[in-house]
Amino acid sequence: MRVARACERLGLDFACVYTASDEQSGHVALGRQLRGDASVVRIQSYHDANEILSVADHCGATAVHPGYGFFAEDFRFARRVTERRRKLIFIGPSWKIIQSLGDKINTKRLARSLGVPTVPGSDRPVYDELEAEEIAATLFAFQSEQGIEKPLVLVKASAGGGGMGIEEVYTIDKFKNVYRRIRNYAKRQFHDEGVLIEQRIHHFNHLEVQILGARGGADIVHFGTRNCSIQSTGRQKRIEVAPGFAPAEVSYNFDAAKVLGDIVDHSLAIAREVGYDNAGTWEWMVTPVGQPFLMEVNTRIQVENGVSAIVSKIKGQGGVDLIAEQIRLGLGDAMGYGQSDVALCGAGIEYRIIAEDPAAKFAPWVGRIDRFAWQGAPWLQMFTHIPLDAPYEIPIEYDPNLALAIIWGKDLAEAKARGLEFLGGVELAGQDPVGSPLRSNLSFLREKTASILEFH
Amino acid sequence: MIDVKQLLEEIKASPFEEIEVVAPHTGVVRFALKEPGGKVAGPSGSHLEKPGTAVATLERERNLKTVYAGIKGDLAKVYAELDGSFVEAGTPLCLIRHFLTKSEAIDSILKKVLHLFYAPERAKYFFIPEIDKKIKALGARNVKVREGMELFIASRMKRERPVAYTGPEGQIYTVYFQYEQNVDAGQPLIGVCPESQVGLIQDVVGKVQSDWEERD
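Protein chains in written order, with this note's numbering: chain R, 1 to 456; chain A, 1 to 216.
Derived from the structure by calculation, the hints contain no laboratory data.
Listed next, the in silico SDA-like pairs over lysine to any residue satisfying Cα-Cα at most 20 Å (straight line):
| hint | chain 1 | residue 1 | chain 2 | residue 2 |
| --- | --- | --- | --- | --- |
| 1 | R | Lys361 | A | Glu160 |
| 2 | R | Lys187 | A | Tyr179 |
| 3 | A | Lys65 | R | Asp48 |
| 4 | A | Lys136 | R | Arg188 |
| 5 | R | Lys187 | A | Ile135 |
| 6 | A | Lys133 | R | Asn177 |
| 7 | R | Lys361 | A | Arg161 |
| 8 | R | Lys187 | A | Ile131 |
| 9 | A | Lys133 | R | Arg188 |
| 10 | A | Lys133 | R | Gln189 |
| 11 | A | Lys133 | R | Glu193 |
| 12 | A | Lys102 | A | Val175 |
| 13 | R | Lys150 | R | Thr287 |
| 14 | A | Lys65 | R | Ser45 |
| 15 | R | Lys187 | A | Arg159 |
| 16 | A | Lys65 | R | Asn50 |
| 17 | R | Lys187 | A | Lys133 |
| 18 | A | Lys5 | A | Gly199 |
| 19 | A | Lys136 | R | His191 |
| 20 | R | Lys361 | A | Arg159 |
| 21 | R | Lys96 | R | Tyr68 |
Whenever a hint applies, use it, and build me the whole structure from the sequences.
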């Protein structure tokens, strides 16, 4: 929906696709409303590149925006879009950059070559059980040598993402079972048995740096940092905050302003090295003593881009739309501003409102939404695909995300107060097929607001 | 007690199914059969390796995909007005009136005789790896299930949870779900034949084999 609105803002025509399960989604209604029935086309699957490209040809599109997932970080898709007989523009970095940075191991090697700190662990997907055990044993031994009381190893599906297919192992004895479970899960879900094994960093904060580059890779700017540490038990982000720390309002055991500056500098160093040429996010973990490690680079615009946009001004103008910027730059426009023209003002909080049960390990809830309403405010941006004038059945094929609420305050305290005010006014009701009431994470979001950006 | 004869009579009274053939994906459709009334064949061969009658083609990304009649029957309706146009996924292309075969008639009755274990929620279902291996090696009918046995993995939104079987002990007689396909809540996953029902099942099969007349 935000891509459609960004096209509208830029005065561009667009068509969008949907699947049978998403027929009631707001993006379908919005597409029809803005560009008519013919611009909304039902496809068999979002995973099928042929579908997207055939619709693009049918509609006469000149560019493809891959959204936030599926094809957004798939260099083969980006390459196909740009090198097929009827060439299209891929709204994202060039495929070679996606290929280079999308490979977590390659990114790790590049980062190390530039002196950027990275997490200790395997330097490629592991397919062999004995090799996996050897790496895990080495990591346990390394942590013991470092004096870590409870060494922990992270086993994750190499082809996974978004926090799915990750488990922790506390002893080498249990490693084999977890390894096999993740390998089987990866095979079922991603059709790739590759597994990564890394040292688990305890109690870290998850920070991000928002980067934007123009085609050619010479003009690169950043839009500051975000803190995405408030997550579900499955490591799914639930609250994102910009900037990443608030040293003026919260005390830290380390020089938080310096850490923010360091991760921005490190991120820009990598971006410049590869000639980064569109929107991207550098993901960092910061330990309780302020040691940053680069986790990975997401070569795409992320869901939480809006919280960076809401605290940004370009040449003194607010109302920044990073998706519109991404599209504009993707189409080949010049940046038109430099880093000194970008100002970061106040604090932003993004709440992901999701139908799930935080008390039951954030189990997704499926059913019908009967009522969804909130009180508008000038400091609030609300994005939702849920129709507000009719009941909505949540499709099980996709995560039960209901809305993104982005709040701005002149400082963190004001943003938090406004966040609580907003959450208190949300009305959300529905029921599942057996009549049980809707479950949501609203109370979790309220509870967590108090400790936003605190790091003990 | 289940009256097999009566169940058979009920099916005989309405021995047809109407199956809509839809565009599996987007593309420009060309119909091979434009007029209703003809007969179409379903897949055949010992491994169903021979496709049925081609009813249309879809051209997408310079690739032609043939759309086959997935089942034997009479072509009741053809949406020939779509010929040459770009269609969305799921667009109905034609309608086939299918006369139930012996095995379909048996399946239909068995659904009323076997103990059906239903999907507790809409999800993709997999057998747990140990059972999956056994089924692939020996066939489902060599797998015995009992109350409380962890049998399935339900996958929903990439989250997985184990699902235990509830019901009488017996052998898996029929598997109703397919790999990587979503199953709606309340749809049967497996049909289990308790040992006490083996005679009845054989009776059903025998009765249909002798009484059901297949149509060409």
